[in-house]
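Colleague: So the sequence shown is numbered by the working numbering: it starts at 7 and just counts up by one.
Some clues are possibly wrong.
Below, in silico cross-link-like pairs of lysine to aspartate or glutamate (DMTMM-like), each with a Cα-Cα straight-line distance of 20 Å or less [said to hold, decoys possible]:
1) Lys-272 - Glu-229
2) Lys-186 - Asp-205
3) Lys-186 - Asp-271
4) Lys-186 - Glu-202
5) Lys-186 - Asp-144
6) Lys-186 - Glu-274
7) Lys-272 - Asp-144
8) Lys-272 - Glu-224
9) Lys-270 - Asp-144
10) Lys-272 - Glu-202
Hint data in this document are derived by calculation from the structure and do not stem from the laboratory. Just so we're clear, the structure is a prediction, and the values are computed from it rather than from any experiment.
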Amino acid sequence: MVQRPLRTEALEARALELELLTHRLTLSSVHSFFLASKKLQERIERLGRISKPHQVFNLTNLIERRIRPASEHGYDSQQERENFSENSSRGFPTAQGTIERELELVRLEDFRDLPPALSFKLIHSFLPFRSQWYFLLDVSHFLQCLTLPASHSESIHHCLLNACYLGACTSIGGALGSFKPHFLQRTRHFLQQSLEFADRPIHFLWASVILGVFFARERRMAECLASAGATARFAVACGLNLTTNPTRGGDRSYHVGCLLPPPKDKIEADDRTRLAHTIFVLGQALPLLCGYAPAFTYDVDDDGWSLISEWAYPGCPDVKITMTAEEPPYLTFLEAHSPTVQAHGYCGSEEEYLAIEKQIHSKPTSSLLLFDERGLQPLEASSTFQPHVILAHATLYGSGLILHSLRANEDAESKRKMLQCAQGLVEICDNARGNRRLHVGMVNAAHMMNAVRIFARELQRSAVRETAERSIDYCRSIELLLDYLDDMVSSLPAWANAPVALKSTLLAAAASLST
């Protein structure tokens with residue numbers, strides 16, 4: 007086949023279309039991550055309910071039993087959850103209409119308490135969706151506190167109650183969606199009250215987590231990022247970054263100026279640990295996915311990360327991750343303890359430049375052992391791969407990609423290493439694909455989309471500087487990355503057309519270059 011000269015103008019137009027589509031794809035990814043599977047989404051839109059909420063709780067029950075066996079606390083928490091799920095299942099067919107009629111009779115703008123029966127219905131409508139909102143506290147203890155009078159020191163603060171109401175209206179959808187502005191206003195009002203009087207800071211933080219996820223789902227990213235950063239700073243002021251696991255003899259050395267006293271029992275300690283890791287994940291992943299460096303320094307001690315390793319991946323090796331942003335673009339440290347992966351990497355300052363580079367180029371891709379179905383991801387999704395191994399590889403390559411791209415325009419060697427890191431992400435995609443139910447975490451998706459942008463930019467430049475064969479390679483690499491992302495989101499409405507249109511553009515570009 008005889009190669010014809012490149013049609014520069016046509017290629018530039020295609021590359022521009024490519025960049026616009028990838029930008030739209032990136033904006034959609036934040037929203038799509040928090041939605042569940044296609045089946046669940048269709049149920050929500052068609053019925054405004056789900057028929058069997060207990061199915062959503064399977065993995066959560068496993069996680070919570072792993073942290074706190076029911077026998078340790080004198081009651082059968084599993085039986086309580088089963089009773090709760092059974093009752094919720096019976097109520098869901100008529101819950102939406104009943105709640106809507108009752109809400110219409112309440113003056114929500116007066117910030118008065120909702121009737122207890124209505125509050126109970128909204129809470130029980132929200133809890134089956136709680137994994138989508140990172141609301142991972144102990145359900146049994148939460149329901150016990152829900153029955154306490156408002157004057158009790160352990161009763162649920164109104165800020166958290168209204169955040170749950172907001173989550174219920176958002177998750178169930180339908181006619182209840184019209185009440186979202188009211189509950190958003192009420193949540194903000196009671197958050198301000200809680201902050202002014204330092205009243206139940208833990209409830210303030212859980213409500214802030216739900217509020218941040220709400221902003222992400224509504225694509226209000228400026229408010230989402232501001233909420234994530236402010237929540238993380240307040241968590242540090244409360245001493246949650248010093249949370250340890252009391253069962254391992256850790257010394258809970260809270261700072262004198264912390265807003266929280268040490269937890270009084272294991273239930274409260276475990277809830278604080280869950281809260282600390284939830285804030286960490288959201289505070290780091292959301293800015294990364296939006297293309298921003300995390301705006302705060304956050305650290306969790308070894309005991310805490312050992313606990314979350316068991317909580318998120320029962321039976322899997324320990325995973326310890328710390329990410330900070332003291333220097334642009336990122337200052338990242340990742341440590342994964344595994345029989346197959348020993349990865350240590352830094353990215354950011356010039357002195358730490360070689361550490362991550364050494365790991366990137368010394369780590370064999372054959373160490374990807376992807377076998378575990380569980381991961382820290384929405385409970386309705388599943389994967390036959392080991393998520394923490396993919397995260398270790400993707401974080402190293404993704405950090406190297408960011409690092410080398412800073413000087414790629416002026417240094418040929420940096421450009422070569424940047425493309426090498428991007429190609430490493432492509433190899434991860436190529437090895438990991440094969441199970442159509444793969445669900446990628448937000449940080450993984452952010453790294454893959456960064457690689458797509460790099461290849462798209464190089465594809466545009468290749469019209470002038472590179473050969474046709476190189477341009478075809480770029481197209482194929484982008485196609486593999488998009489296939490990997492498509493496995494996660496192709497069933498969701500927000501992503502339905504973008505991957506197909508983008509891949510069609512790439513294939514057309516490759517065909518024109520090869521003829």
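Colleague: Each of the hints needs a verdict: does it hold here or not?
Modeller: Right, here's what the structure says about each hint:
Distance restraint check for Lys-272 and Glu-229: the Cα-Cα separation of roughly 34 Å exceeds the 20 Å cut-off, and the hinted pair is therefore not satisfied. Only pairs whose Cα atoms come within 20 Å are accepted, and Lys-186 paired with Asp-205 is rejected, the gap being roughly 25 Å. Taking the CA atoms of Lys-186 and Asp-271, the gap is about 36 Å. The hint is violated against a cut of 20 Å. Proposed proximity of Lys-186 and Glu-202 is contradicted: the alpha carbons are some 24 Å apart, above 20 Å.
About 25 Å separates the Cα atoms of Lys-186 and Asp-144, which puts this hinted pair outside 20 Å; it is violated. The straight-line distance between the Cα atoms of Lys-186 and Glu-274 is roughly 30 Å, outside the 20 Å bound, and the hint therefore fails. Using a Cα cut-off of 20 Å, the hinted pair Lys-272 and Asp-144 holds, with the two alpha carbons roughly 11 Å apart. Using a Cα cut-off of 20 Å, the hinted pair Lys-272 and Glu-224 is violated, with the two alpha carbons roughly 36 Å apart.
A hinted pair counts as satisfied when its Cα atoms are at most 20 Å apart, and Lys-270 with Asp-144 qualifies at roughly 15 Å. A C-alpha spacing of about 28 Å is found between Lys-272 and Glu-202, which places the hinted pair above 20 Å, so the restraint is violated.
The structure shown violates the earlier hints numbered 1, 2, 3, 4, 5, 6, 8 and 10.
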